[in-house]
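Using the sequences and the hints given, assemble the complete structure.
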Amino acid sequence: QTEPNHAQAESGYASSNNSMITLAPQTKNINFSDQVTTAETLWTMNEARQGYSYLSCDESGDLFRRMFPDSQIAHELKMERTKLSYVVSHDLEPFFHRNLVEDIKQCERFVLCFDEQKNHQNNKQLDIFLKHWSMKNQGVVARYYKSVLHGHAPAHIIRDSIVNSFRTDGIDIKRLLMIGRDNPNVNKTVEKLIDKELKKVGGELLK
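Numbering (our numbering), first residue to last: 1 to 207.
Derived from the structure by calculation, the hints contain no laboratory data.
Take the hints with a grain of salt, since some may be wrong.
[Said to hold, decoys possible] Cut-off 27 Å, straight-line C-alpha distance, at most; resulting in silico cross-link-like pairs (BS3-like, lysine-lysine):
#1 K131 to K174
#2 K146 to K136
#3 K146 to K131
#4 K207 to K131
#5 K199 to K188
#6 K192 to K207
#7 K146 to K124
#8 K196 to K207
#9 K118 to K131
#10 K146 to K199
#11 K118 to K188
#12 K200 to K174
#13 K196 to K105
#14 K83 to K199
#15 K83 to K146
#16 K146 to K174
#17 K105 to K146
#18 K105 to K200
#19 K192 to K118
#20 K146 to K188
#21 K192 to K131
#22 K136 to K105
#23 K174 to K188
#24 K196 to K124
Below, the structure written as structure tokens:
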């Protein structure tokens, strides 16, 4: 079992604490294939946490085999850039996203934070973060929720991206307490549009 203890470091919305990888006690024997998968998953999480590039990890498997020549797990470990990218995108991301959504559904209220910027491919990217009281962690946490890629994005497109994301994950928008931002003059139009959506279902943003 793995879990992070901080939000993704984006746009000032993340916790400053270092992330942790927590291993649950092994209660039963697992087969060799699963042991290899566990090792690959833990190494992938470490690479993501440390901010290593995919390219820099191409020779990780060879390094482990030289470091641990008597380990069959190290011998089978394969973590080239394409596999690393796949594990992050198709294994880890859905796992942590699902855990976040389940945690959000248990809280009474949550705060929405978002940031629109250009990514390394010069495409507009909407990064969404959520702050809430976590029943699991027994404290207020800030967590990366998701990113949405789009071109020109007027306020109603941003609103639709946020509202549709909540709808897809089954998050009740009435639990949205407020929209947090660094600058009070930024995204006022988006706030008004989201507030209108809340009023349609009997909610309202805290102002």
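Against the structure, the hints:
1. K131 to K174: holds, 15 Å
2. K146 to K136: Given that 27 Å is the threshold and the Cα spacing comes to 20 Å, the pair holds.
3. K146 to K131: Satisfied, since the Cα-Cα distance of roughly 13 Å is no more than 27 Å.
4. K207 to K131: holds, 16 Å
5. K199 to K188: At roughly 17 Å apart (the allowed maximum being 27 Å), K188 and K199 satisfy the hint.
6. K192 to K207: Roughly 11 Å separates the two Cα atoms, so the pair holds.
7. K146 to K124: Since the Cα atoms of K146 and K124 sit roughly 14 Å apart, the hinted pair holds (cutoff 27 Å).
8. K196 to K207: holds, 13 Å
9. K118 to K131: holds, 23 Å
10. K146 to K199: holds, 24 Å
11. K118 to K188: holds, 20 Å
12. K200 to K174: holds, 10 Å
13. K196 to K105: holds, 22 Å
14. K83 to K199: violated, 45 Å
15. K83 to K146: holds, 21 Å
16. K146 to K174: holds, 19 Å
17. K105 to K146: Within the cut-off at roughly 16 Å; holds.
18. K105 to K200: holds, 20 Å
19. K192 to K118: Satisfied, since the Cα-Cα distance of roughly 24 Å is no more than 27 Å.
20. K146 to K188: The given pair, whose Cα atoms are some 21 Å apart, holds under the 27 Å limit.
21. K192 to K131: holds, 20 Å
22. K136 to K105: holds, 12 Å
23. K174 to K188: With a Cα-Cα distance of about 19 Å, the restraint between K174 and K188 holds, given a limit of 27 Å.
24. K196 to K124: holds, 25 Å
Checked against the numbered hints given earlier, the structure breaks only hint 14 and satisfies all the rest.
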